[in-house]
Amino acid sequence: MVAGASLGVTGILRNGITLPNSVSPPEKPLGARSYNLADIVDQHLGITGSFSKRLESRVQGGLSEVLLDEGYEAWLKSISENPTRWRIIKVHHVVPTTDILGDKLRQRVRGLFTSSLIYRSPSVGAPHGSSFEGEYITDIWVWHHMKGWTAGIQFVKSNLECSPIYGIKDRESNDTHPPVLLSGNGNALLGISGAYTSDHICQLKAVWRSDVAVQRQRHTQTSFTGSNIGIIFNDLQYLADPASARIVQITARAGGSLADLRTTYESVCGGGLVRCEAAAHGWDFGPTKTMILEEDEYIIGVRGSHNYHWIHQLQFVTNKREHPPFGADKGNVSFSFNAPKTIDGKNMVLHYMAGKRQVATRSLHSTEFLLVQD
Numbered sequence: 001m002v003a004g005a006s007l008g009v010t011g012i013l014r015n016g017i018t019l020p021n022s023v024s025p026p027e028k029p030l031g032a033r034s035y036n037l038a039d040i041v042d043q044h045l046g047i048t049g050s051f052s053k054r055l056e057s058r059v060q061g062g063l064s065e066v067l068l069d070e071g072y073e074a075w076l077k078s079i080s081e082n083p084t085r086w087r088i089i090k091v092h093h094v095v096p097t098t099d100i101l102g103d104k105l106r107q108r109v110r111g112l113f114t115s116s117l118i119y120r121s122p123s124v125g126a127p128h129g130s131s132f133e134g135e136y137i138t139d140i141w142v143w144h145h146m147k148g149w150t151a152g153i154q155f156v157k158s159n160l161e162c163s164p165i166y167g168i169k170d171r172e173s174n175d176t177h178p179p180v181l182l183s184g185n186g187n188a189l190l191g192i193s194g195a196y197t198s199d200h201i202c203q204l205k206a207v208w209r210s211d212v213a214v215q216r217q218r219h220t221q222t223s224f225t226g227s228n229i230g231i232i233f234n235d236l237q238y239l240a241d242p243a244s245a246r247i248v249q250i251t252a253r254a255g256g257s258l259a260d261l262r263t264t265y266e267s268v269c270g271g272g273l274v275r276c277e278a279a280a281h282g283w284d285f286g287p288t289k290t291m292i293l294e295e296d297e298y299i300i301g302v303r304g305s306h307n308y309h310w311i312h313q314l315q316f317v318t319n320k321r322e323h324p325p326f327g328a329d330k331g332n333v334s335f336s337f338n339a340p341k342t343i344d345g346k347n348m349v350l351h352y353m354a355g356k357r358q359v360a361t362r363s364l365h366s367t368e369f370l371l372v373q374d
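Going by the UniProt record's numbering, the first residue of the sequence shown is number 1, and it counts up by one from there.
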């Protein structure tokens, strides 16, 4: 690795696989060069097929477009006049620098780091009234376009407020991968890193602070089904208090495909119960069905079917019963999600829903089910 430029991959190695001690030039015939960045990095590091799970492929230094369009040798020359002096360094284990310090010095460094990140301006106004805490970002929703760039970003703040979806216009249909939730699990957002071109943001990574956290945080997990095309919706904005919110009622219509999906959420906020019905998703044609949950009833499973374009049927399973399905089982793709357990063995339940709908067909195209710790 040369300071300022490197190729790197992080991931979980397959059983019995070790990293190579040296790398030979890839043997590929002329004209057969890959145009996938991850494949190119793997070939030149000699690690093709080595990972059971890939976390990240990174090109540091130079332009990744040169590596893709002109090849490895052109990328090397764009960085250094003497690429033959480069060496491969294998990193098997990484620890924070503070971990190798003594206890007292480690605490001093952490305190210095924390203080250096906070700036409080002087107070303005009369010295009367009640104080209030500052706000910070705790979660980020990211929509990645099928063609490779970041299409939209939405921020969730500690004061329960959601930002608009930056990058995607309201009622604009988009062809994106399932949304990804970057969660700090209650920690405050410190910064964002990633990669970009002259036109787009291509990659995002959130960096979280461990010394600033929300006390009432619930662990999250997502499951997705349906089409990648449609107008995005996110019911998170209808949760008065996400820490206490739960689903109390779901209403929908079915006239060939599932539509007019409306979910009612209830939260404990301001010393009382607050009920809020999310906006309807899809058309308003067909018979209406309503599912009402009891006070101690939670959704722990979702079943249904779709035809790759829109959802035909949804059925919710709770800790008490199986509710009748919404819609007709006309889809040729069946799905079933059961709420998992957290890493410490606690139950999870359906918290809220996001997804895509379409104005032209006025139907529900896809749904992202967000589950949280019970």
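In short, the hints are calculated from the structure, not lab data.
Mixed in with the good hints, there may be bad ones.
In silico EDC-like cross-links for lysine to aspartate or glutamate, where the CA-CA straight-line distance does not exceed 16 angstroms [stated by the list, open to error]:
#: 1; residue 1: Lys205; residue 2: Glu65
#: 2; residue 1: Lys147; residue 2: Asp199
#: 3; residue 1: Lys289; residue 2: Glu322
#: 4; residue 1: Lys147; residue 2: Glu266
#: 5; residue 1: Lys157; residue 2: Asp241
#: 6; residue 1: Lys157; residue 2: Asp175
#: 7; residue 1: Lys147; residue 2: Asp170
#: 8; residue 1: Lys341; residue 2: Glu322
#: 9; residue 1: Lys53; residue 2: Asp39
#: 10; residue 1: Lys320; residue 2: Asp344
#: 11; residue 1: Lys53; residue 2: Glu70
#: 12; residue 1: Lys147; residue 2: Asp175
#: 13; residue 1: Lys169; residue 2: Glu135
Verification of the hints:
no. : hint            : verdict
1   : Lys205 / Glu65  : violated (20 angstroms)
2   : Lys147 / Asp199 : holds (13 angstroms)
3   : Lys289 / Glu322 : holds (15 angstroms)
4   : Lys147 / Glu266 : violated (38 angstroms)
5   : Lys157 / Asp241 : holds (12 angstroms)
6   : Lys157 / Asp175 : violated (27 angstroms)
7   : Lys147 / Asp170 : violated (20 angstroms)
8   : Lys341 / Glu322 : violated (20 angstroms)
9   : Lys53 / Asp39   : holds (14 angstroms)
10  : Lys320 / Asp344 : violated (23 angstroms)
11  : Lys53 / Glu70   : violated (28 angstroms)
12  : Lys147 / Asp175 : holds (9 angstroms)
13  : Lys169 / Glu135 : violated (26 angstroms)
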